[in-house]
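Make the full structure from the sequences, and use the hints.
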Amino acid sequence: MLCAPATSWAKSTQDLIVEQAAGQDVTLNEREAAVLRRTLPIIGRRYLHKLDPTPLLKETMEGLKEYDAAVASMEKAAKKDTAKGAAAHGEKAQKRRKPSEFRRIALALNKGLNTLDAHSAYLDPESYGELKIRISGKFAGLGLEVTMDDGLVKVIAPIDDTPAQRAGMRAGDLISHVDGTPIKGMTLRAAVGRMRGLVGTTIRLTVLRGEAKEPMEMLIVRDIIRVPAVRHKVASDYGYIRISAFSQRTEPGLRKAMAKIDDALGAASLGLVIDLRNNPGGLLRQAIRVSDVFLDEGVIVSVRGRMEEDNALFRAKGGDLAVGKTVVVLVNEGTASAAEIVAGALKENHRAVIVGSRSFGKGSVQTIFSMGESGALRLTTALYYTPSGRTIQAWGILPDLLIESDRQEAGRREEELQGALSRGEASPHIVGPSATITGDRCNELLAKPMDDKNLACAVALLRAGGLDRLEHLASSLANDGGKAAHRQQHRQ
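Just so we're aligned: 414 in my numbering is position 76 of the sequence shown, and the numbers increase by one with no gaps anywhere.
It should be emphasised that the hints constitute simulated quantities derived from the structure, not laboratory data.
Hints may contain errors.
What the hints assert, rightly or not - Result set (SDA-like, lysine to any residue): computed pairs, CA atoms no more than 20 angstroms apart in a straight line:
| hint | residue 1 | residue 2 |
| --- | --- | --- |
| 1 | LYS663 | ASP575 |
| 2 | LYS522 | ASP406 |
| 3 | LYS551 | SER514 |
| 4 | LYS396 | ALA359 |
| 5 | LYS598 | LEU621 |
| 6 | LYS470 | GLY531 |
| 7 | LYS449 | LYS551 |
| 8 | LYS571 | GLY531 |
| 9 | LYS522 | ASP498 |
| 10 | LYS403 | LYS470 |
| 11 | LYS571 | ASP600 |
| 12 | LYS598 | VAL661 |
| 13 | LYS522 | PRO553 |
Stated by the list, open to error - Label-pair ranges, simulated between beta-carbon atoms:
| hint | residue 1 | residue 2 | range |
| --- | --- | --- | --- |
| 14 | LYS571 | GLU742 | 23 to 31 angstroms |
| 15 | GLU413 | GLY535 | 20 to 28 angstroms |
| 16 | VAL572 | ASP390 | 23 to 31 angstroms |
| 17 | MET645 | LYS396 | 44 to 52 angstroms |
| 18 | GLY535 | GLU400 | 30 to 38 angstroms |
| 19 | ASP517 | ASP790 | 15 to 23 angstroms |
| 20 | THR774 | GLN362 | 27 to 35 angstroms |
Every residue, glycine too, gets a C-beta built ideally from N, C-alpha and C.
Written out as structure tokens, the structure is:
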């Protein structure tokens with residue numbers, strides 16, 4: 339993005355708004371003008387890059403015109419209906435407008451913010467309230483983490499043990515219709531609003547998946563979503579910990595899970611599998627605290643923005659709770675943001691072996707600026723960097739052990755999002771993984787095969803005693819027709 343001339347913000351915010359509104363023959367009410375007067379100075383001071391406000395404002399005004407044209411078209415269509423039909427249409431339109439007096443400016447301003455990047459957004463009061471609920475770890479809905487991609491709702495990840503996951507939704511799925519209504523033309527908030535409803539009611543989603551030629555219809559029953567940030571299981575010789583999101587409950591939940599695993603296994607534990615697959619991220623501070631649980635020392639992450647206040651370096655405070663035991667971290671294309679911070683910190687501090695596929699690649703930091711009764715601005719203010727000093731923006735975290743998969747993964751990562759920030763320069767050490775293996779080969783190394791082949795590879799690595807040893811066993815298995823696998827199984 340080009341830097342703006344020093345005079346770009348010389349005019350007052352009010353003058354900029356008036357100038358652009360007059361230039362496009364757009365009228366704003368006082369509430370809408372107030373939102374722009376509050377957001378524009380924040381964007382000018384704190385956005386990741388220095389920018390010229392004119393394109394953003396121009397696009398916002400264009401959004402206002404599009405909104406007004408759509409409303410006019412609806413009103414014209416209503417006049418052609420019968421009196422009954424017109425009344426019904428008017429009642430429906432009123433219901434659509436009722437939830438937020440900020441609807442018009444929200445749609446328009448987000449059209450403008452989309453020119454900056456894929457994650458900056460204006461949150462009207464209702465949306466801001468929903469965000470705070472999600473951060474707390476409890477909200478209502480289907481149980482999906484979603485974003486907007488080329489006019490459709492894209493699933494980043496289904497949340498564990500929710501209606502969406504039980505119905506079979508997957509990371510990368512694209513939702514094109516809700517109860518038969520096309521998503522195209524809606525904002526993300528409007529689409530999510532349609533997916534929410536009364537507990538116990540059924541919603542019909544039209545889903546596009548991968549290379550499938552025909553869309554799928556999914557019926558999902560709405561429910562209250564209570565999100566346990568951390569879950570764990572105790573196997574015979576290892577502990578499994580699933581971290582589904584980074585909310586305020588994550589680090590305390592992790593410590594409790596590790597304590598229970600230690601109580602159950604003690605010295606019999608070969609190590610831990612930390613599952614970060616389909617984890618969409620969350621709170622930066624929680625990612626730092628989770629990383630610190632496993633590190634005695636070293637850099638966890640650095641954050642760099644345009645302003646001094648957006649720059650920070652976070653180091654481990656000491657105290658590896660796993661006491662040096664082997665840690666394997668599972669990642670995939672749905673592992674994003676805060677989850678990538680943890681994977682990068684543990685990988686580059688040589689504290690964990692990363693297993694799976696390349697992660698999502700969301701390397702930007704969003705700061706929430708509360709605006710009281712006007713909602714909030716979520717603005718990209720910085721990029722985060724791994725301990726070695728590289729950005730993962732649109733690159734992601736590459737695993738140490740890449741699991742080969744036949745499943746189509748194109749179009750599921752940050753770089754595929756409309757308006758995504760560009761990639762940073764690649765560092766030489768991210769050329770590729772240390773080793774590659776198939777899930778089937780991992781299962782051949784286990785006495786009891788697993789349906790989850792990536793987890794099978796993590797367990798095989800733990801039982802082999804490390805990545806080098808796993809590679810040796812896999813190679814021996816290929817060369818001697820399975821005898822090495824039988825010997826490994828006997829030891830298990």
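Subject >> Index of numbered hints that the structure contradicts, given in increasing order >> reply: Hints 5, 7, 8, 9, 10, 16, 17, 19, 20 are the ones this structure does not satisfy, whereas the remaining hints hold.
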